[in-house]
Amino acid sequence: MELIKFKVEDRAGEVQEIEVPGDMGLNLMEVLKASEFPVLGTCGGMALCASCHVSVEEGLDQLDEQRDAELDMLDTLPNALPNSRLACQLPINEKLGGAYVKLQEVME
Amino acid sequence: MIKTDICIIGAGPVGLFAVFEAGLLKLKCHLIDALPQVGGQLSEIYPKKPIYDIPGFPTVNAQELVDNLMKQIAPFKPTFTLGERVDGLTKQEDGSFLLTTSDGTEVHAGVVVIAAGLGSFEPRKPVIENLEKFEGKGVDYMVKDPEKYRDKKIVIAGGGDSALDWTIFLSEVAKEVTLVHRNQTFRGALDSADKVFELAQENKIRLLLNSNLHSLDGDGVLKAVHITDQASTVNTFEADYLIPLFGLSPKLGPIADWNLGIDKSAIVVNTEDYSTNVPGIYAIGDINTYAGKLKLILCGFHEAALMAQSAFKYIYPDQKLSFKYTTVNGITPL
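So the sequences go chain by chain: C and D. So the first sequence is numbered by my numbering: it starts at 1 and just counts up by one. So the second sequence is numbered by my numbering: it starts at 1 and just counts up by one.
Worth flagging that the hints you see were computed from the coordinates, not collected in a lab. Note that the coordinates shown come from a computational prediction; the quantities given were computed from them, not determined experimentally. The beta carbon of each residue, even a glycine, is placed where N, CA and C say it ideally should be. Where hints are given, some of them may not hold.
Computed beta-carbon distance windows for the label pairs [stated by the list, open to error]: (1) Glu-17/C x Glu-272/D: 38 to 46 Å; (2) Lys-175/D x Glu-105/C: 51 to 59 Å; (3) Ser-215/D x Gly-98/C: 48 to 56 Å; (4) Glu-2/C x Pro-333/D: 40 to 48 Å; (5) Ser-215/D x Asp-64/C: 50 to 58 Å; (6) Glu-19/C x Pro-146/D: 36 to 44 Å; (7) Gly-220/D x Glu-105/C: 49 to 57 Å; (8) Ala-12/C x Gln-184/D: 31 to 39 Å; (9) Phe-197/D x Leu-71/C: 15 to 23 Å.
With these hints in hand, go ahead and build the complete structure from the sequences.
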């Protein structure tokens, strides 16, 4: 079983290293929720609510490109950055290995 | 005033099926939804997506499921108030409820069932200083009456279809239109984006790309919008109106103020009958939470069935309710 390691910075600036199996069909939003980060995942992973908005500070290039639903949602976020992603659209696999993601503020 | 046995807040799949379960017990339902059509997320967000986990349907398109539910509940003659959000909910002395909507519609109901899914979809607000101070005093989150902007200076922010469409439309109405977008390309419809670039070239609008809203200025009413450009320089633009168009985001909204038990934006319920901590108010579907909760349409359907039995007892505490199968008795239209 392959373990995927990556770093997560919460909204207070604290960094935590996360290790999860890469073969469980999880996405990053689910792992963040399960690791008790303050991520709501209100829409259940349909790229609808953007409550799992993160920026990828390291390892962005390795990730799969955004699909339309994610791009459409990011376009509506006033605080989106060039390296913004929705964690629910990022599968936990080797492409996420070594990445550094930062939780972004959620727009009320 | 509309009078009904059950007022259902939210006309998504679970709210619609609740009409069926209530109808079997001869309870009449009125549904209110903030969206202009029934079906909730299914119709609004993914009408063409196939759903694979509805029992008996190997696959069914979201809109098809909604259409079928509407057929299924038709005998029970539900009534609807669409395009209005429930703002007020007060319990009467006799245990019944009075609901009022954003447009002033009043509903009197024996029981209230909240089947509001993710909540109501409300405009997403940019995080800028003193934004709230100018809401309704120059800051509008939607264009209701374009004439309001005639001969005014307006700033539109956003990069989606509605930002593009209103920029094009209002360029003919307003004195001056500035469109602020954080990117340099638009993901809205291609011809709308082309049109916006064309208008900018002809100097009919001011197009600020790679730019962000910074802050607002005014004196009771909005006077100016400060905008940062790519180099993070803040520039000031006179404006009578700022229209941020950043799409919709689901919000619990006024539901949060009804003294219900809330945990992480969901309503806490008793799994015996999906009642809330306020007797007579139930919560079913994605809006509720309990140990082991799964946000599935089929779970919402189950919750609707149990809720209806309990709602009947709340409305008619002295009547006996005997459980009947539709296979034995069929359904009796209301």
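Honestly, which of those hints from before does the structure not fit?
Hints 2, 3, 4, 5, 6 and 7 contradicted; others consistent.
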